[in-house]
Amino acid sequence: MTQPLVTVNDLRIGAVTDAGRKVEIIRGVTFDIFPGEIVALIGESGSGKTTIALSLMGYCRTGCSISGGQITLDGTDVTALPERKRAALRGTEVAYVPQSAAAAFNPSKRIMDQVIEITAIHDLMPRDQAEAKAVQLFRALALPDPDHIGERYPHQVSGGQLQRLSAAMALIGDPKLVIFDEPTTALDVTTQIEVLRAFKSVMQKGGMAGVYVSHDLAVVAQIADRIIVLKGGEIQEVGKTQQILHHPAHPYTRQLLAAFEPVPHVSVAVPQVDKPKPILEVVHLHAGYGAIRNGVPEVPILKDVSFRLERGRNLGVIGESGSGKSTLARAIAGILPPHQGDILLDGQEMRRDLKNRSKEQLRRAQIVFQLADTALNPAHSIEQILGRPLTFYLGLKGAKREARVKELLDMVRLPANLRHRLPSELSGGQKQRINLARALAAEPELILCDEITSALDTVVAAAILDLLKELQRELSLSYMFISHDLSTVEAICDDVLVMLKGEVVEALPAARMSAEAQHPYSRLLISSIPQLDTGWLAGLEQDPNLVAQFANR
Amino acid sequence: MMIERSSAFVIPTPKRLGYSFNWVGRIGLAVILFWCVIAVIGPWIAPHPPGEIVDWDYFGPMTGDFWMGTDYLGRDIFSRILMGARYTVGISAASVALACAGGVIFGMVAAVAGGWFDMILSRLLDAFNGIPSLLFGLVVVAAVGSSIPVLILTLAAIYLPGSYRFARALAVNVNATDYVTVARARGESTPYLIFTEIFPNILGPVLADLGLRFVFIVLCLSGLSFLGIGVQPPNADWGALVRENIEGLSLGAPAVVFPSIAIATLTISVNMFIDNLPTKIRDRSE
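Protein chains in written order, with this note's numbering: chain A, 450 to 1002; chain B, 634 to 919.
Hints were generated in silico from the structure; no laboratory data involved. Some hints here could point you the wrong way.
[What the hints assert, rightly or not] Simulated pairs of lysine-lysine, PhoX-like, Cα-Cα distance not exceeding 20 Å:
(1) B:K648 / A:K471
(2) A:K689 / A:K582
(3) A:K625 / B:K913
[Said to hold, decoys possible] Reference listing, derived: stretches of chain A covered by chain B, where coverage requires no fewer than 3 residues with Cβ under 8 Å from a Cβ of chain B:
(4) 737 to 745
(5) 774 to 785
(6) 805 to 811
Cβ atoms here follow ideal geometry from the backbone N, Cα and C, with glycine treated the same way.
Use the sequences and the hints to build the structure in full.
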């Protein structure tokens, strides 16, 4: 048996709260990583996966500290080293690929200077040699124009390329261990495939060990040899990827896997009123940003979008980033007034600009944003956040208002005492529920959901979807559901619109989407969804011309 | 949470009220309160009348009779500082309150309203910013004569554009966040957006700016007094005390040191307090 490269023994990491109370974030975690092996840390947010990954570099976030246990990296006890020696370790022995490459690059320096910075800091090799090595890495990571891409600035390459460049930055010092912290979470599905492939091949060639932090089992299945399932700072289960996927032992692992099973959507039977008007009808809608000249804005986004959403049914809108999905929701909500076309709510025409719509029209169609963090005012308590639409639309005050806030919290399955908290004191899933409850407070008939599950963990997202379905049954709502994740759309929608560059390229029933999609872009999107199968990425064949044509790399 | 005690009276310390308030902030607050009290009761506890020449010697040393020495005319510095507290603390506090309140409100309105309103207001205040502050003060006082209300309004006018710029920059950022968009999509009015959604989120930096602006106003007031258009003799604010006794520096006179210390303690403690305001303890486990 070979010697493990990394041994983590009974690791404990703690923090102190502002009331002076000690909290344990990591509670006695023990595992090994062997040379050349990729180990995935998987778990929901708050499970401590990033904290563990960072501790392998001897690093703790502000306020946290390693309170017990031992981390050995290639024979060196990282936990016992002074900070200066730890700094020397980072970049040469162990390297880190961050979640958001866009935030990790300095926008005012050329890419090459940043990629080879590690060699300069640690004095590893002369500059020309470092540059030659960087170009080699660019080639290995399948970056376009590897000889000259380093001369560009970070904003001149796409998100997927930037993520691969950040991997090049990590690999230039020939580390023995590379830590990937959710590197593909922020990417589109088609881009994710390319990045995953690049990571996998470069890790295999280099024979390096890796730690891959993710909450997405399907992604992890493609790249990891072993999986460690974490929850609440403790290891739930450790096993080979195949074993975890096919024979999970721990109930939590089963729950994670179950969240992946697509639950086919069953349409809600709506009591047929003799009002055949659709709840939402959009006719030849055009919208864009910038100053309007000759009736056309400087940056036109939506081009001639038309669709109908019947009462009690759900419409999914899918497409990659930049396809105009969110703009569509904003145009319907009136936040971005369209310059051409009509929006009819329940057969009644809605004015294009928000300011000209009546309070009643605004009440009936509510919008829920993607990022619950930024959609809730950090200075307001939950009670204020939920109470405001009650007062504003329905004129509720005092005890009645408080009672209704409690009801709303109950509707989204949150305890009533949460209403005294601030948004920063809630988890991501809780915040998204509050976000939803705020929309429900207006007693709407239509809710525009803009990527509401994409920032959430799989298990939490599945719970939110269940909640949406339940609320639909109880309150006979209709949803317009915007997402880049096809399985989410499949789980909740009756009909699907596929958008590409501001146009609707295909509209079809969700249930037959995988089988009957005709447009090549729809097919590409469908084939790009990671499957819970270790061989999926290797076996995936996509027409490179098609990919080049549509994907925004 | 709070522990109920049936018998004894419980002193409402910050911690019992659910706030954490660190020592730097407490010291700052204590010094501010001390000077506020002095400003009110100063004339009654001053040992000598502030305008009266009580010593034959000028720039006299610290003695039992003149605790902080005497000034360039032989007046008692201790009494003059006690008297000056009234002018320095009062005028500066009133002006900074006016400047920041006006600047912040205009800034938030401009950020939310945008368009031509923002454009005209910003250019107007930028142009106003271009006038040298002391020159502006000179012109105003020459035109309407020196009095305390004129001084307060002049200083407020001088420092309002800076506060406006600062608040507008912050409010523009907050205005672009999703929660403000949500409120706007709900159909909320502009005053609601400004005071309920935006204001609480720019309060921290605005207070820090207020602390800094307070210091500038104290200094500007002393400049105006030096030119003879500020507080009128025989009274003097602290800045004026420093200026009129500056020649005593080479003689090692305490007359110039003590007013400087007074200014330093006030301005530093204002900043100490504002940077360390009591924060509510919000522990997730409760």
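Query raised in the report: Where does the structure disagree with the numbered hints, that is, which hint numbers, in rising order?
Result: Result: hints 2, 3 and 4 break, sorted rising.
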